[in-house]
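Novice: Sequence:
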Amino acid sequence: MPVAIVAQNNLENNVKIILSDPSKGENYLKGYTQPLA
Numbered sequence: 151m152p153v154a155i156v157a158q159n160n161l162e163n164n165v166k167i168i169l170s171d172p173s174k175g176e177n178y179l180k181g182y183t184q185p186l187a
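Residue numbers for the sequence shown follow the working numbering, so the first one is 151 and each next one is one higher.
One or more of the hints may lead you astray.
Quick list of simulated restraints, FRET-style, between CB atoms [to be verified]: (1) 173 x 152: 28 to 36 Å; (2) 180 x 160: 28 to 36 Å; (3) 152 x 176: 26 to 34 Å; (4) 172 x 152: 14 to 22 Å; (5) 181 x 159: 14 to 22 Å.
Don't read these hints as lab results, they were simulated from the structure. Heads up, the beta-carbon is just placed ideally off N, CA and C, and yes, glycines get one too.
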């Protein structure tokens, strides 16, 4: 499977997780937005 398709599937799954479980989504987004200090 091409990497781009895997990445797209992962992104879609992550969006579904965030929409189905807002608290999990918040933690997920925090993980990406926190500065690497």
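Novice: All hints, please: hold or fail.
Specialist: Right, here's what the structure says about each hint:
One distance hint, 28 to 36 Å for the beta-carbon pair residue 173 and residue 152, holds here, with the actual separation near 33 Å. Between residue 180 and residue 160, the C-beta spacing of about 18 Å breaks the proposed range 28 to 36 Å. For residue 152 and residue 176, the hinted distance range of 26 to 34 Å is satisfied, since their beta carbons lie about 31 Å from each other. For the hinted restraint 14 to 22 Å between residue 172 and residue 152, the CB-CB distance of approximately 32 Å leaves it violated.
Under the hint 14 to 22 Å, the C-beta atoms of residue 181 and residue 159, about 19 Å apart, fit the expected range.
Checked against the numbered hints listed earlier, the structure breaks hints 2 and 4; every other hint is satisfied.
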